[in-house]
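Undergrad: Read off the chains here:
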Amino acid sequence: MADIDRLEKVDGFKVVGTRPNRPDGVDKVTGRARFGADIHAPGMLIGKVLRSPHPHAKILSIDTTRALALSGVKAVLTSDDFGDVPAMHQATLHNVMAHNKALYEGHAIAAVAAVDVAIARKAIKLIDVEYEILPHVTDVDAAMAEDAPLLHEDNFTSGIDPKPSKPSNIATWSEFGHGNLDEGFSQADIILEREFTTEATHQGYIEPHACLATYSEDGNSEIWCTTQGHFLVRDTCAALLDIAVSRLRVTASEIGGGFGGKTVVYLEPLALALSRKAGRPVKMVMSRSEVFRSTGPTSSSSMRVKIGVRKDGRIIAADAHLNYQSGAFGGFIAMLGAMCAYACYSLENVRATANEVLTNRPMQASYRAPGAPIVNFAVESVIDELAVELELDPIEFRLMNAAKEGDRSSYGPVFDQIGLIQTLETARDHPHYQATLAKGQARGMAVGFWFNFGGLTSVSLNVNFDGTVTVSVGRPDIGGSRAAMCQMAAEELGIPYDNVRTIIADTSSLGFNDTTDGSRTTFANGLAIIRAARGAIRDMCARAAKTWDIPEEAVEWVDGCARPCGSNAGDFEPMCIAEIARKSPKTGGPIAGHHEVNAEGAGVSFAVHIADVKVDEETGRTDICRYTVVQDAGKAIHPAYVEGQYQGGAAQGIGWALNEGYVYGDDGIMQNPGFLDYRMPVCSDLPMIEAKIIEIPNKGHPYGVRGVGETSIVPPLATVANAICSATGVRMTQIPMAPPVLLKAIEKNNKQV
Amino acid sequence: MANIQVSTKINGDTYEFLCRPDETLLEVLRDRIGLTGSKEGCASGDCGACSVMLGDRVVSSCLVLGAEVEGQEVNTIEGMADGGNLHPLQRNFIKFAALQCGFCTPGFLVAAKALLDKNPDPTETEIRYWLAGNLCRCTGYDKIVRAVLHTAEEMRGQARG
Numbered sequence: 001m002a003d004i005d006r007l008e009k010v011d012g013f014k015v016v017g018t019r020p021n022r023p024d025g026v027d028k029v030t031g032r033a034r035f036g037a038d039i040h041a042p043g044m045l046i047g048k049v050l051r052s053p054h055p056h057a058k059i060l061s062i063d064t065t066r067a068l069a070l071s072g073v074k075a076v077l078t079s080d081d082f083g084d085v086p087a088m089h090q091a092t093l094h095n096v097m098a099h100n101k102a103l104y105e106g107h108a109i110a111a112v113a114a115v116d117v118a119i120a121r122k123a124i125k126l127i128d129v130e131y132e133i134l135p136h137v138t139d140v141d142a143a144m145a146e147d148a149p150l151l152h153e154d155n156f157t158s159g160i161d162p163k164p165s166k167p168s169n170i171a172t173w174s175e176f177g178h179g180n181l182d183e184g185f186s187q188a189d190i191i192l193e194r195e196f197t198t199e200a201t202h203q204g205y206i207e208p209h210a211c212l213a214t215y216s217e218d219g220n221s222e223i224w225c226t227t228q229g230h231f232l233v234r235d236t237c238a239a240l241l242d243i244a245v246s247r248l249r250v251t252a253s254e255i256g257g258g259f260g261g262k263t264v265v266y267l268e269p270l271a272l273a274l275s276r277k278a279g280r281p282v283k284m285v286m287s288r289s290e291v292f293r294s295t296g297p298t299s300s301s302s303m304r305v306k307i308g309v310r311k312d313g314r315i316i317a318a319d320a321h322l323n324y325q326s327g328a329f330g331g332f333i334a335m336l337g338a339m340c341a342y343a344c345y346s347l348e349n350v351r352a353t354a355n356e357v358l359t360n361r362p363m364q365a366s367y368r369a370p371g372a373p374i375v376n377f378a379v380e381s382v383i384d385e386l387a388v389e390l391e392l393d394p395i396e397f398r399l400m401n402a403a404k405e406g407d408r409s410s411y412g413p414v415f416d417q418i419g420l421i422q423t424l425e426t427a428r429d430h431p432h433y434q435a436t437l438a439k440g441q442a443r444g445m446a447v448g449f450w451f452n453f454g455g456l457t458s459v460s461l462n463v464n465f466d467g468t469v470t471v472s473v474g475r476p477d478i479g480g481s482r483a484a485m486c487q488m489a490a491e492e493l494g495i496p497y498d499n500v501r502t503i504i505a506d507t508s509s510l511g512f513n514d515t516t517d518g519s520r521t522t523f524a525n526g527l528a529i530i531r532a533a534r535g536a537i538r539d540m541c542a543r544a545a546k547t548w549d550i551p552e553e554a555v556e557w558v559d560g561c562a563r564p565c566g567s568n569a570g571d572f573e574p575m576c577i578a579e580i581a582r583k584s585p586k587t588g589g590p591i592a593g594h595h596e597v598n599a600e601g602a603g604v605s606f607a608v609h610i611a612d613v614k615v616d617e618e619t620g621r622t623d624i625c626r627y628t629v630v631q632d633a634g635k636a637i638h639p640a641y642v643e644g645q646y647q648g649g650a651a652q653g654i655g656w657a658l659n660e661g662y663v664y665g666d667d668g669i670m671q672n673p674g675f676l677d678y679r680m681p682v683c684s685d686l687p688m689i690e691a692k693i694i695e696i697p698n699k700g701h702p703y704g705v706r707g708v709g710e711t712s713i714v715p716p717l718a719t720v721a722n723a724i725c726s727a728t729g730v731r732m733t734q735i736p737m738a739p740p741v742l743l744k745a746i747e748k749n750n751k752q753v
Numbered sequence: 001m002a003n004i005q006v007s008t009k010i011n012g013d014t015y016e017f018l019c020r021p022d023e024t025l026l027e028v029l030r031d032r033i034g035l036t037g038s039k040e041g042c043a044s045g046d047c048g049a050c051s052v053m054l055g056d057r058v059v060s061s062c063l064v065l066g067a068e069v070e071g072q073e074v075n076t077i078e079g080m081a082d083g084g085n086l087h088p089l090q091r092n093f094i095k096f097a098a099l100q101c102g103f104c105t106p107g108f109l110v111a112a113k114a115l116l117d118k119n120p121d122p123t124e125t126e127i128r129y130w131l132a133g134n135l136c137r138c139t140g141y142d143k144i145v146r147a148v149l150h151t152a153e154e155m156r157g158q159a160r161g
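So the sequences go chain by chain: A and B.
Going by my numbering, 513 is the number at position 513 of the first sequence; the sequence numbering is gapless.
Going by my numbering, 37 is the number at position 37 of the second sequence; the sequence numbering is gapless.
One or more of the hints may lead you astray.
[To be verified] Mimicking DSS-like on lysine-lysine, the simulated pairs with C-alpha atoms at most 27 Å apart in a straight line are:
1. K95/B with K118/B
2. K58/A with K14/A
3. K118/B with K14/A
4. K166/A with K58/A
5. K95/B with K692/A
6. K748/A with K306/A
[Said to hold, decoys possible] Some, not all, of what chain A presents toward chain B, calculated at C-beta under 7 Å:
7. I190
8. Y205
9. G257
10. R288
11. F415
12. Q647
13. A650
14. A651
15. G674
16. D677
[What the hints assert, rightly or not] Short derived list, chain A residues pointing at chain B, Cβ under 8 Å:
17. D38
18. P42
19. Y641
20. V682
21. S684
22. M688
No lab work stands behind these hints: they were computed from the structure.
Computed from a predicted structure; not experimentally measured.
C-beta: ideal position from N, C-alpha, C; glycine also.
Next up, chain B with everything else stripped away, as it sits in the complex (with noise of 0.2 Å):
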């Protein structure tokens, strides 16, 4: 099979690519451009550990042939930080132990980060309906829905100044 030539912008910066027809994003993101913090966690699009957001979408990277980024505009956790200042949500995970082993962390906050981008003051129940296509087995989910709820109320309180 020939190899696809792909433009692309991933996490704001300008990247040119080959890959197979058959390679999936998260491949890409992980074994070509080195961005690992995307994890496979399935391969099948249960698990949302390697949620990416393609333009303004939360997607499932294994279920996304890096052929199609073509021209679009991909953001991962890696570029979720703004230089060395943590997103709101990034440090509330830490401040809240929203996490422990990690692993299905960044597909987590992609996720949430996406939530609050269109809604800034989420239910409870919202909340957990859209995370619920990402698999934590380590919390039970209690922190993660906490560390969100507060972001968005902490949010909210500096977008009012």
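Bound conformation, chain A alone (with noise of 0.2 Å):
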């Protein structure tokens, strides 16, 4: 008998860990794959947004009437076609749509929607509106002065006690740390204290953000769009258009990149209210200068960080503060960049306090383990600089103070068993490490850590009467995972892996799902669909023992088919999946199992970088010339897949290191909002990434995986500050490490040495 909750470690996989094509490879490949625009409906209008042209201003009034009086215009959506909403839900509805103030350039004032594009594009430019300009803010330091514009008169920062007396721009103050900080830097032989700062950044998916959606008039509303979690657009757009969550059903595209930017609504809601008003489908598409202007983006920040060590090379004390920019509305990104700031190394004195500051700029999104790359940054260039002080190697520095099982985290909770230590030894160990440096490159390294994630997920599996098997799970395929879900499941039931089909069901078929983020969807995902094969493996036991008329106690489950268990339980043939499935009519009808979970259990992960760059000191640009991942993904389902992770967040990280950023002028518009100036890298500006995974098995998980998708962009930006330092010997303390800012590094040091 198949117990679902047994959840010990598998040994002998015979699917997992392989590197089958993925099941949605030939729709990609031949364009065939229909992504959030790739969709029509009969009837269909287009929607355009009408945005802000000012970073902070009161909307004294919208006159909408020569837009619809325009020929073929159907509907105009201004916030007052919004009611109350529960509070959990309010800046999200402020933020799709500016009530009372514009916040951001480019947020949202009102929406049309038209016959065609071109008439839509018209009407919003007849849209008159009255604003009175008022003083805006887009750094994160002077949004924290005392004479600062408030963008939230009623904003009192939480998380301090007692609540404070004034409003200002801190939206929250989050601290996290144990120990004795004092006493802690009383033993330090060295201490050092750094100041940084760091721009934002977009996640940059190649896909705009783009929907369909339509109200009919009986109250049932169909969506389709981009997005990691349906659900959470089906529940979001149920609160801001006060209906029935049963009465609107999500389904969710191709999606063509989220990084975590796809993790809330946009047009959505303003599809949907624009539908009810026109009685009539709506599609909008976002323009990529939408896109950077009104979605994302990450936090800029500014930082102090102070570590003491000892001679010896422990360290003694660390203690961090965080300034991070949060946008026209308040987050948790900074709380996460505490959290993070100290979680690779066992301390006994340890703290990290953050704000959360308001600014006016776009609210900003997750963006691949958020909070963590900024920190890092931070961190990891003072531990590269101590390591130097210590005459130690830079490995050697961190595995002396590396955090391991049993260790209380520097964020609260105690480590279980953790791969740190195993990371860091393969990197020291890998044969990049130990090359020898080309001519005129240099070295540099960091570590990274990221929480990963588990959460609420439902799953379902049906077994086809060919003993084929068709899983249906609730979380978007951004990167390949359908592939391991299939693997997951022809591993369980013992079939092989073309005979499994994992589709994503819209949100009227299954329980509630988690969006895709926190690295969480092969995780709990898995988790669920291997307790749901084990459910269906029990219930064909049962068949197979009812058949043979033996007890169900005496039938196991091997390669895919029930057979009785030792020769005191019978002598009868195996009966594989297909016999079974094709008796099932008779035996109690269709075969299925299912799970639903609040997954726990999901283990941390983290990497080791190593970049060898060439820097030329005339202009300032820095190439990479040799990157090397190492990370701990647990067990690696589809290996290529965790590579493709791992390779994807490097890339990234190395884009936030030298390039991306928003650039605003004093007039608070964002001066780059096209893929031209905000400069991600290109195929030529990166070498090959070298991927190599390692696996400590999480026990939260029955095949022991871990998250993979974000830890690999947490390294890359102190990674690449700690080589340009080695080539230079300019301590970058700003990001982007940008040509021109560079340059200027440089020749300062070089007068000054």
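Using the hints, build the complex out of the two chains.
TA: As structure tokens, this is what we get:
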């Protein structure tokens, strides 16, 4: 009998760990796969959004008369079309459509639906808005100044006791740590204190936000959209439009990248509200400029880090203070940054504090390990400087202080089985780290941490009459996860990979599923699929037992077949899944398994990155010549896609380190809202990225899986900065380290020397 | 604005369509012909997701007007496979996991095929510079470059017979 709660690691994998072709591969190489904007509906209208040209302005009046009078315009939408919403949804509502005030350039003011895109574009220009322009602030430190313009007059910093007497732009304060810092620093032989800044970056998914919404006269509605979480879209839109959740069915399209940026709604509630007004389906697609000016990005920051060490290389105290700019609405990214700050280290005296700071910028959204890369740049830069001071190899220094099983983490919980030491040792012994540097090149490294998440999960697994299996999951597949789902179901059932098909079910077909974020999908879906498969196996064993007229306990499941366990149970030929399924109408009906869980036990993960760089001291340009990622996957279900996560995260981090960043003028307007001026890495910017998977099993998953998606973006900023320091002697404290910035720093350093 | 009548060949088939003078080839392909394999990532020629062949040139179809293709031949991702047989690049993109989200993939495949048609034995550097007009945010390009290198080798082997 299969025990569905059995959670031990299974040895002798047959499908897990192989690299089969992904099930959606052919659709995606032929152009057949349907993404957000690839759908049409009969009678469809096109929706467009009017956005604020001002970073901060009171909306005195909106006159839609001229727009509505334009032939072909079927509906115009403003904040007046939305009623009160529960407090938890208020920021979302006020972000998707400005109420009373425009809080950033690009903030939605109104929307139209018209018979074609040309008329819709014309119509938004015919909406007359009267603004009273207010002073604005886009810089994180300026926003905390005493006389800074306030975004929200009613914002009193939360997390401070007693409540502040005056409103400010600091939305939330948070603090983590343990021990006694003063005592720790008093024992230190060397104390370094440094300040750092980073600029905001965008997730940069190539597919702009897009959706098609249909509101029916009977109240039943449908949304098709590109999202990381269609259940979240459903529940949020239902709340914003005050409709019953059961009335709204959301189908996730194929998604052209998200990286955290598609974990919130922007267009979906507007399209649905326009459809409700117009009585016709409404399609909306953002331009790239809208994506930059109105969605994402991640925080910019200013940070202070102070670390004390003894001469023997032991870190004795560590402190950090982070100010994260969180856009026009508060968030939780600075808090995550504070939690991650020192998670790689075993520390007796540690503290990290953080402010979420409101500014006249787009509401920040999660970006791959949200908050972690920013603080990691600061902490790992100081660690690197300390290693130099102590004349220790940077990996050996980290090994001397590395967090291990049983340690109390800097953010609270005690670590279970973790793979940091093995990750560091693997990096140290790696041919890249051991290699002699090429002429003119220098090396840097850093280590990074991310939590990984589990969460609400519901899956269903159906055994078809021919013995093939269909798995329904509720989390969009961003990077090949359907392949991993098929592998885990095939492994558990003992059937070939090609006999399993995994689909992303719509919101009316499964229980609630948390969004594809937090590196949760392979961990939490996998856990549920394995248990669902075990449920189906138990049923199939029972059917065989019934057929053979022996006790259920006397049947076991081996290699896709039920068979008597031992000769005492009886002498029957194994009955395989296809036969059991074919006979199922006569043995009790269809065979299925399902599982619903709030998945806990997602294992944390660590990564070490190594970079060899070449800096052109005449131009300040940095070339990445060799790059290696070493990361703990727990268990790599589909190693090619695990490597892909490592490589993709590294590339994004390299872009963040060297080029990417929001540029604002004094006017508070983003100056580079396009791919030409917001420079993401292109193919010729990068070398091959070696991905080394190590596997320290996570006890919380039957096969040992840890999340792999996010950790890889954490170390690159510091890795590249540390390599640049080795190359030039210049310790950069500012991200991005774009050529003009680095050139200036090199010239300044040369003058001093 | 009066619509313009255009007659062209797309993936070997003859098409006639009407389009506005300001309508791009990408809009025509996606919204009038129904070929949504070419993607809009930027509409400014920076991302390459809308790459198609116009004659023997790779172009960003968001920077070409629909009216410009009168009398020309357009080839898109939808025409790359030979019936049910995938082009070796398509097959190897799947095999080498050269796509994650897959949104940029049609543009990469069109551009990579154009490279191999001109240069059957490209170096890694040549591949990287040829594909520098196509943005991919998921993969870090590693597996894309490997898939193209492998395909070139495989096709050279077949050509030698």
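Undergrad: Run every hint past the structure and note whether it holds.
TA: Hint check:
| no. | hint | in the structure |
| --- | --- | --- |
| 1 | K95/B with K118/B | holds, 24 Å |
| 2 | K58/A with K14/A | violated, 63 Å |
| 3 | K118/B with K14/A | violated, 42 Å |
| 4 | K166/A with K58/A | holds, 22 Å |
| 5 | K95/B with K692/A | holds, 19 Å |
| 6 | K748/A with K306/A | holds, 24 Å |
| 7 | I190 | violated, 37 Å |
| 8 | Y205 | holds, 6 Å |
| 9 | G257 | holds, 5 Å |
| 10 | R288 | holds, 4 Å |
| 11 | F415 | violated, 29 Å |
| 12 | Q647 | holds, 4 Å |
| 13 | A650 | holds, 6 Å |
| 14 | A651 | holds, 3 Å |
| 15 | G674 | holds, 6 Å |
| 16 | D677 | violated, 9 Å |
| 17 | D38 | holds, 4 Å |
| 18 | P42 | violated, 14 Å |
| 19 | Y641 | holds, 6 Å |
| 20 | V682 | holds, 4 Å |
| 21 | S684 | holds, 4 Å |
| 22 | M688 | holds, 5 Å |
When the structure is compared with the earlier hints, violations turn up for hints 2, 3, 7, 11, 16 and 18 and for no others.
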